[in-house]
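Assemble the complex: chain F is given as a structure, and chain R must be docked to it using the hints.
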Amino acid sequence: DAGVIQSPRHEVTEMGQEVTLRCKPISGHDYLFWYRQTMMRGLELLIYFNNNVPIDDSGMPEDRFSAKMPNASFSTLKIQPSEPRDSAVYFCASSLLGWRIAFFGQGTRLTVV
Amino acid sequence: KNQVEQSPQSLIILEGKNCTLQCNYTVSPFSNLRWYKQDTGRGPVSLTIMTFSENTKSNGRYTATLDADTKQSSLHITASQLSDSASYICVVSPDGGFKTIFGAGTRLFVKA
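Chains as they are written, first to last, in our numbering: chain F, 1 to 113; chain R, 1 to 112.
FYI, nobody ran anything at the bench for these hints, they're computed from the structure.
One thing to keep in mind: the hints can contain errors.
To be verified - Sample of chain R residues facing chain F (criterion: CB under 8 Å; computed from the structure):
1) Arg42
2) Pro44
3) Ser46
4) Met50
5) Ala86
6) Lys99
7) Thr100
8) Phe102
9) Ala104
10) Gly105
Nothing here was measured: the structure is a model prediction, and the numbers come from that model.
Glycine included, C-beta positions come from ideal geometry on N, C-alpha and C.
Only chain F is shown next, with the shape it has when bound in the complex (with noise of 0.2 Å):
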């Protein structure tokens, strides 16, 4: 298995700019997660996923930020518009309920400017 895989790894933006950032979990994991992580606050849980259900949001900073899971495979986050404080590494993590370890992707590290 290719383990979790994220696009792009590097994204550079204008502010304002739209922004999607995707991710292919690994097969047969049930739950995915979008974490962020910055210097300032380290790693923070944005959202995750059941069974392609968002469970839990409220990690999300705002409204400007959105995530969806159209099937088993896939799942976008999207920032809109963008601002240069949203520049971070944001990671998806995939995982089994039985083992309740997440294993990360490789992260994609965002750059608003």
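Coordinates of chain R only, in the frame set by chain F:
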């Protein structure tokens, strides 16, 4: 307030030496505690997960301890290698679910 505090913030050791990283938490209730290793530019990778009843758990040269009474955990690395250079993150789950509380991490540098 649920918090996870790690110390030291950063650490430099010589290759072959041992080191111990600390994690103190004020999370309540408590279900489990995990240690993750994060290499630069990569996602975190799980090292250990410990529940309330476990005191010690090893994973190769990594040994985690847990004292649920004092709400402290440590990660001991034996015979350090250059590849151990990474951030080590302590994560606590209050209820066994996925709303976990992350520590800020300890940045370890192993020098030749």
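We went through each hint and held it up to the structure:
Because the closest C-beta pair between arginine 42 (chain R) and chain F is about 5 Å apart, less than 8 Å, the hint holds. With its C-beta approaching chain F no nearer than about 5 Å, proline 44 (chain R) sits inside the 8 Å limit, and its interface hint holds. Interface restraint check: serine 46 (chain R) against chain F, minimum CB-CB distance 5 Å, threshold 8 Å, status holds. With 8 Å as the threshold, the beta carbon of methionine 50 (chain R) stays out of range of chain F, its nearest partner Cβ sitting at about 12 Å, so the hint is violated.
Interface restraint check for alanine 86 (chain R): the shortest CB-CB distance to chain F comes to about 13 Å, outside 8 Å, so the restraint is violated. Given the 8 Å rule on beta carbons, the hint for lysine 99 (chain R) holds: about 7 Å separates it from the nearest Cβ of chain F. Hint on threonine 100 (chain R) holds. Least Cβ distance to chain F is approximately 7 Å, under the 8 Å limit. For phenylalanine 102 (chain R), the suggested interface contact is upheld, since its CB lies about 4 Å from the closest CB of chain F, less than 8 Å.
About 5 Å separates the beta-carbon of alanine 104 (chain R) from the nearest beta-carbon of chain F, less than 8 Å, and the hint is met. Of the supplied interface hints, the one on glycine 105 (chain R) holds, with its beta-carbon coming within about 7 Å of a beta-carbon of chain F, less than 8 Å.
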